[in-house]
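Q: Model the placement of chain B on the given structure of chain A, informed by the hints.
Chains A and B, in that order, give the protein sequences. Numbered according to the working numbering, the first sequence terminates at residue 385, and the numbering increases by one at each position without gaps. Numbered according to the working numbering, the second sequence terminates at residue 511, and the numbering increases by one at each position without gaps.
For the record, the hints were derived by calculation from the structure and aren't laboratory data. Glycine is no exception: its CB is placed at the ideal position from the N, C-alpha and C atoms. Treat the hints with care, since some could be wrong.
Quick look at which bits of chain A chain B covers, simulated, 3 or more residues with Cβ under 8 Å [said to hold, decoys possible]: (1) 171–178; (2) 348–359.
Covered by chain B, according to a simulated footprint, are these stretches of chain A (three or more residues, beta-carbon under 8 Å) [stated by the list, open to error]: (3) 152–162; (4) 182–190; (5) 267–277; (6) 293–307.
The residues making up each chain are set out below.
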Amino acid sequence: MIRSLNMLSHNHIPSASRADVGLAFWIAGFVLLILMPLLNVMPAEDSWIHLSDFSLNRFGKFLAFAILALGLDLIWGYTGVLSLGQGVFFGLGAYCMGMHLMLTIGNESVYGSELPDFMVWNQVKALPLFWKPFYSFPVAILGAILVPTAFALVFGFLAFRSRIRGVYFAIITQALALVAWLVFNRNETNLGGTNGLTDFKQLLGFRLSDPGTQRALYVLTVLCLGGAYLLCLWITRSRAGRVLIAVRDSEPRVVFSGYTPANYKLFVFVVAAALAGLAGMLYVPQVGIITPAQIGVLPSLEMVIWVAVGGRGTLAGAVLGAVSVNLGRSLLTNYFPELWPFILGGLFVVVVLLFPDGLVGIMRHLKERIQNMRVTALSAEEGLR
Amino acid sequence: MLKRIGLPILLALGLSIGAADAHGTVPPPPASPLEQALSQITSGDEAVRDAALRVVVELGDSTLISRLDDIRANADRPVRLAIKPVMDLLRNRAKLESPDPDSRRSAATDLGTSGKTVAIPWLDQAAATESNKWVRYTMRESAALLHLAGDDHSAKISAVRTLGDLASQNAVPALQEFVTLGTAAEATEAQQALAKVASVSIERIETWAAWSSAIETIFRGVSLSSILLIMSVGLAIVFGLMGVINMAHGELMMVGAYATFITQELFKAFLPTAMFDYYFAAAMPMAFVVAAACGMVLEVTVIRFLYGRPLETMLATWGISLVLMQAARVYFGDLTAVVAPSWLSGGVQVMVGVYLPNNRLFIIALSFVCVLAIYAILFRSGIGLRVRAVMQNRNMSACLGIPTRKVDAYTFAFGSGLAGVAGWALTLIGNVEPGLGQNYIVDSFMVVVTGGVGKLAGTIVASLGIGGLNKLLEPSLGAVYGKVCILMLVILFLQWRPSGLFAIKGRHADV
Numbered sequence: 001m002i003r004s005l006n007m008l009s010h011n012h013i014p015s016a017s018r019a020d021v022g023l024a025f026w027i028a029g030f031v032l033l034i035l036m037p038l039l040n041v042m043p044a045e046d047s048w049i050h051l052s053d054f055s056l057n058r059f060g061k062f063l064a065f066a067i068l069a070l071g072l073d074l075i076w077g078y079t080g081v082l083s084l085g086q087g088v089f090f091g092l093g094a095y096c097m098g099m100h101l102m103l104t105i106g107n108e109s110v111y112g113s114e115l116p117d118f119m120v121w122n123q124v125k126a127l128p129l130f131w132k133p134f135y136s137f138p139v140a141i142l143g144a145i146l147v148p149t150a151f152a153l154v155f156g157f158l159a160f161r162s163r164i165r166g167v168y169f170a171i172i173t174q175a176l177a178l179v180a181w182l183v184f185n186r187n188e189t190n191l192g193g194t195n196g197l198t199d200f201k202q203l204l205g206f207r208l209s210d211p212g213t214q215r216a217l218y219v220l221t222v223l224c225l226g227g228a229y230l231l232c233l234w235i236t237r238s239r240a241g242r243v244l245i246a247v248r249d250s251e252p253r254v255v256f257s258g259y260t261p262a263n264y265k266l267f268v269f270v271v272a273a274a275l276a277g278l279a280g281m282l283y284v285p286q287v288g289i290i291t292p293a294q295i296g297v298l299p300s301l302e303m304v305i306w307v308a309v310g311g312r313g314t315l316a317g318a319v320l321g322a323v324s325v326n327l328g329r330s331l332l333t334n335y336f337p338e339l340w341p342f343i344l345g346g347l348f349v350v351v352v353l354l355f356p357d358g359l360v361g362i363m364r365h366l367k368e369r370i371q372n373m374r375v376t377a378l379s380a381e382e383g384l385r
Numbered sequence: 001m002l003k004r005i006g007l008p009i010l011l012a013l014g015l016s017i018g019a020a021d022a023h024g025t026v027p028p029p030p031a032s033p034l035e036q037a038l039s040q041i042t043s044g045d046e047a048v049r050d051a052a053l054r055v056v057v058e059l060g061d062s063t064l065i066s067r068l069d070d071i072r073a074n075a076d077r078p079v080r081l082a083i084k085p086v087m088d089l090l091r092n093r094a095k096l097e098s099p100d101p102d103s104r105r106s107a108a109t110d111l112g113t114s115g116k117t118v119a120i121p122w123l124d125q126a127a128a129t130e131s132n133k134w135v136r137y138t139m140r141e142s143a144a145l146l147h148l149a150g151d152d153h154s155a156k157i158s159a160v161r162t163l164g165d166l167a168s169q170n171a172v173p174a175l176q177e178f179v180t181l182g183t184a185a186e187a188t189e190a191q192q193a194l195a196k197v198a199s200v201s202i203e204r205i206e207t208w209a210a211w212s213s214a215i216e217t218i219f220r221g222v223s224l225s226s227i228l229l230i231m232s233v234g235l236a237i238v239f240g241l242m243g244v245i246n247m248a249h250g251e252l253m254m255v256g257a258y259a260t261f262i263t264q265e266l267f268k269a270f271l272p273t274a275m276f277d278y279y280f281a282a283a284m285p286m287a288f289v290v291a292a293a294c295g296m297v298l299e300v301t302v303i304r305f306l307y308g309r310p311l312e313t314m315l316a317t318w319g320i321s322l323v324l325m326q327a328a329r330v331y332f333g334d335l336t337a338v339v340a341p342s343w344l345s346g347g348v349q350v351m352v353g354v355y356l357p358n359n360r361l362f363i364i365a366l367s368f369v370c371v372l373a374i375y376a377i378l379f380r381s382g383i384g385l386r387v388r389a390v391m392q393n394r395n396m397s398a399c400l401g402i403p404t405r406k407v408d409a410y411t412f413a414f415g416s417g418l419a420g421v422a423g424w425a426l427t428l429i430g431n432v433e434p435g436l437g438q439n440y441i442v443d444s445f446m447v448v449v450t451g452g453v454g455k456l457a458g459t460i461v462a463s464l465g466i467g468g469l470n471k472l473l474e475p476s477l478g479a480v481y482g483k484v485c486i487l488m489l490v491i492l493f494l495q496w497r498p499s500g501l502f503a504i505k506g507r508h509a510d511v
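This is chain A alone, in the form it adopts within the complex (with noise of 0.2 Å):
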């Protein structure tokens, strides 16, 4: 039964086979891994190999977006389940890493207080109750990964219980983004407000200024991406990973087939959730401030098309599309910064209207017309023997 619903699937299913995750996902690891460390620590500054510190860390905040990136994959173009939300996932982890972080400055912080400066200014007079496990390092990595997951478990089993999805889904997903917003900014919440958590100096004792201690959390980011990325696939190559394909596919017939989708959507809602919020996590130390603008409707909005322009329903693409976006927002928002949102809505339509498949498609593409013409140029040459 799981091989008709195979058939319904408009877009290419990997088989089971382990050999084609092969070439590239190691090439990609080599590159990622120990080449650009290595091009960073290795020649000399002024050398034309030379990768920057500056450079290093900004990738390693897009590699922290695909794996995001990766959970979006999962839920929308695996299972069709459009999710305008995944900010807020994204914000708690970061939140909870950046609380952590937040209460390392100690009496560095500019007012030299134990409290972070935000608070004193607020005129908070002693730390509130929810701030004092993140003194733990391990609470903080934890709480990262399981805030966003309980909070999407209890708001995707409310949703996919009473089957909203579709449009709806969509629509209550960015409402919960807005609320999120609205709520992140006030001052009372003591989540630093609209200035958010920002100016942290250290990680278990590590400068976070040091570019040793940057380069190693750039590794540990790929390190995640890899493991992302491996959790990512062997979800899609299991049965599991079918019934989803086949839910994005008619959802109706796999009703009708005797499964329950709301599992398994909630399943991976959870699993993109977690994701979101290790991606948050990561986030945080590389990039020294995590604000609300971070999460609101508009950026979440910018996750999906992340995904959209690498190619949905592939992992590769939601990596490729993650960091190829957000490295065309870097250059282009440095000359033109007026330019960067019609070129971000273009995308949208552009992508929607004329890529489906994003740039993943279109390389497939591109490799089967080479393929053809050779077929075509190799046919033409026994022709003419």
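A: Leaving out everything else, chain B in the frame of chain A:
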């Protein structure tokens, strides 16, 4: 007699008083008490000066203001400070007879807070002949407030009662003071009596205030609901027909608002000022047509190709909204304002403490008109019949020869035009800015989703519900937590009705 002869001469002389004084020469002896007082105003002796000012207040009128101004210009600081309130009093007294009810009212308010008991007879006199109910109310309130500052005990008691009758919010601090004075241990009998009356009045005032604030809350709720309704109807029609949420709806509203702005500028530039007030009426069709044209272009170039893929449509329209917003930002800059026409500024006072601004009333009325118009088009016209047929069963309608694609395009344009009208209306309550559409747009998405597909009634009930709840929760929870609450309620509501309030019943395989 003496005054009549002396005045012209002295007026001429009076102009030089200040100058003469500055040179230290003695002014000629004045011939009337008023003139004498005027000359004594600049006296260094405080007692003389105050007595003179009292005379000026009692005998003078607004014609003296310019002379006092001259005196003030040359006087030193304590004199200037002393003259200022006198001038205000005279000016306000003159304004009590002004033809404009608003300035009469503001004069009465000023006099009431001045604490000068001389003004009581003026106010009483003005109130006796006043025709406007609310101006008369303010005059009586001010007179009573001034009585509170006086010495006459029985007048005070009756003033306290009057203020209770009038439900005057302004009197509460003064009355509270009477209560604290009267309940203190060393209070005299008179003070105790006053305190008793005052506490009764305070209670009456506060009951009234509770009622009026409840009414204002309801009004604000209805007002927000009508804004949401105007914004959501266009969205809901398109959603009902095509299953598509147009995320650029907010930006189409912005287009309508800018169309209004441009109409205003055109009227300013090319038509006589007398015509200016009509620009707003002229801007309505402009806003509709421009936004509808934008919608038509959008449908033909983008939406049409995404038919049957609602999520992709959402993303594409969101992209368009980004482009439109940025285009407006680049072309128009960040802030442009539309001046509300005079017939829409101001407001109506319905009862004490309840003031309804005209622009809000206008939007409420407009939402009624819009709903009626849409109802008429959908249920009383041929094209409406076709739209409803496509809404119910697209394939069957196509089989029966209805050009479904054309229906889609026109409906989308119509929905966009409605967005333009909403933008036109929103210029009354906010600036015209590129972010205009973003303010309420997520709320209106929620309205559409809660209302359900394909029924106008659902949209109406949902916008009333969400708008009303918003304003109901706001006073106790604050705007943000009110929104949080509403989101939770909507999610819980969708547990019970997953496809909104009024879903079309049918035999589709909805699992």
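Q: Work down the list of hints and note, for each, if the structure agrees.
A: Cross-check of the supplied hints:
1. 171–178: That given contact holds, which follows from 6 residues of the stretch 171–178 of chain A lying within Cβ reach (below 8 Å) of chain B.
2. 348–359: holds (count 5)
3. 152–162: holds (count 5)
4. 182–190: With 4 residues in contact (Cβ-Cβ under 8 Å with chain B), the coverage given for the stretch 182–190 of chain A holds.
5. 267–277: With 0 residues close enough to chain B, the hint is violated.
6. 293–307: holds (count 4)
In this structure, only the earlier hint numbered 5 is contradicted, and the remaining ones agree with it.
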